[in-house]
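Visitor: For reference, the chains in residue letters:
Number of protein chains: 2
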Amino acid sequence: MKNVILRLGHRYERDKRITTHVGLVARAFGADGIIISDINDSNVYESIKDVVDRFGGNFFIEMGEKKQTILKKWKDLGGEIIHLTMYGIPVPNIIDIIRKSPKDKLIIVGASKVERLVYEMADYNVSITSQPHSEVAALAIFLDYLFQGSEFGLKFQDAKMEVIPSEKGKEVHDLRDKDK
Amino acid sequence: MKNVILRLGHRYERDKRITTHVGLVARAFGADGIIISDINDSNVYESIKDVVDRFGGNFFIEMGEKKQTILKKWKDLGGEIIHLTMYGIPVPNIIDIIRKSPKDKLIIVGASKVERLVYEMADYNVSITSQPHSEVAALAIFLDYLFQGSEFGLKFQDAKMEVIPSEKGKEVHDLRDKDK
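So the protein lines, in turn, are chains A and B. Letter by letter, the first sequence follows residues 1 to 180 of the numbering used here. Letter by letter, the second sequence follows residues 1 to 180 of the numbering used here.
The hints are all genuine.
Repeated chains share a single entry, so a pair holds when one copy, or any two copies, can fit it.
Here are the computed lysine-lysine pairs in the DSSO-like style, where the Cα-Cα straight-line distance is at most 27 Å: (1) 49 / 16; (2) 113 / 16; (3) 2 / 75; (4) 66 / 168; (5) 170 / 66; (6) 72 / 100; (7) 2 / 100; (8) 75 / 170; (9) 67 / 103; (10) 49 / 66; (11) 113 / 160; (12) 67 / 2; (13) 72 / 168; (14) 155 / 100; (15) 168 / 67; (16) 73 / 170.
What the hints contain is simulated information worked out from the structure, not anything from laboratory work. In this text, all values refer to a predicted model and were calculated from it rather than measured experimentally.
From just these sequences and the hints, can you work out the full model?
Guide: Structure below.
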């Protein structure tokens, strides 16, 4: 089963750092990849790709396709759509149902002003509290609930570096040394 | 017991949206307030304050004081310091100890390049996975673990509006109507 994030196209200057954070959270918490709709942004692509290159894993990044095309294609292939929104059903009330479904999941992270179409096409509109906060936080909490904390045990293939948890300071292993 | 977020001063243009997201997450997940060190940014202040005004609660925002001053004052008043960093001890391994401590908590959310001083002054350096992602996500996950999901039941005093969870669409109650 695939878990892919769809980040709805953002207002360029204002939201590009946020979009990068969404991508990095998606990767760190175990999603398979991110699709960024409607825009092409090489800065965002390079920032996420750089982390994948150094810290490993097979996380993919796609961008530029129209939102409507992406949603229709996902549905046509038998996948389901989960839309994270402060107006939806609280994640604790619905996560067991979502977790049990064997369908590929497209998890939509919007910006402000998401069109009605998205609410209607979504199989689940899910809230991470009903307060305004952050799509970055919403995605992290959703994936933590979906994967039940397993993000803390993830291993990333072909990582060049790995952080070793430490009480004080920074301990980073250069995994490329192993081959020497 | 107080739970206050300290956001370390940010690179102005690049990080102001991120700082706003940190503030909104802090509020939505039940922290008492946010201190933003070293800078004054009226945009960030107004964005967070606007949400407090509309959605309620007593969340406070302070900014402009030097990081060193804030840390020293917190320690002098008997509080403890928790620093969220990808280099720290994984939150599931340490959250029970942190939760049991009766001390006021200053939860530090850095940007990149946090000085060694912060690691050393922190009572706990805590990681939300050892992967690079987002301080916004790290804070949300930390508070969710600290408060054990109670953010989903929070009520905010004097809210002017309230969102009612909905399967499709948006249901918002204007609470000011009650007085009419």
